[in-house]
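Visitor: Produce the entire structure from the sequences given, and follow the hints as far as they go.
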Amino acid sequence: MKRKGFTVAIIILVFFISISMVFNGIKAQNLAWGSRGNEVRELQTRLQRWGYYDGPISSIYGQQTYEAVIAFQRANGLSPDGVVGPQTRAALGMARQTPAPTTPTGGGVSRSDDINLLARTIHAEAKGEPYEGKVAVGAVILNRIRNAAFPNTMAGVVYQPCAFEPTKNGAINQAPNDEAFRAARDALNGWDPTGGAIYFWNPATATSRWIWTRKITLRIGKHVFAH
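Numbering (the working numbering), first residue to last: 86 to 312.
Everything labelled a hint here was simulated from the structure, so no lab data went into it.
The beta carbon of each residue, even a glycine, is placed where N, CA and C say it ideally should be.
Restraint-style ranges between C-beta atoms, simulated for each label pair: (1) 259 with 165: 17 to 25 Å; (2) 298 with 139: 23 to 31 Å; (3) 148 with 259: 27 to 35 Å; (4) 136 with 263: 29 to 37 Å; (5) 217 with 152: 37 to 45 Å; (6) 172 with 123: 17 to 25 Å.
Guide: The structure is reproduced here in structure tokens:
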């Protein structure tokens, strides 16, 4: 009887240890005040590149990093808690996912989270557009990555301040549909209906005078594309 009780006690102990390890593993993936290391360095670099952070790249998550994360979260419709959890990671392009095989493009795109971000941007910017127009939006983003005038990463281009409306209104965080993922893959595989365009906009809603100084090369659906 004592042996049976001892066995049950061991099983319960193992159970609680396992639960604790899972919980701590999830918690460890979050970045928050006091975190240190390469991921904090990457976080600071991205936030600095997009204009949210003007402190040193110290690899230490302190006051300035905390305030920059909150500013980023508010700008992207996320809960402004100052913690880089799964949703904020995904918005930053830092989501921890098992890399999926992708077609190298030579322009800073190779990870599954980049494909997900591209699909989310296509879905937010070109929802309701013809399929070719969806691929065209993806192509513009990839063309910017290859252009020296823009950031050289997917997240850098998408989250560049004032570049895309969905990053300001939170639409970028909506789950993309299958068509958006197909369009992202087609763009990554080299289909560029725009012929190298680096800008697109809807003439019916655009308010920037500057954008109209760009040379329009074609129109697909409601969007015009330009160099």
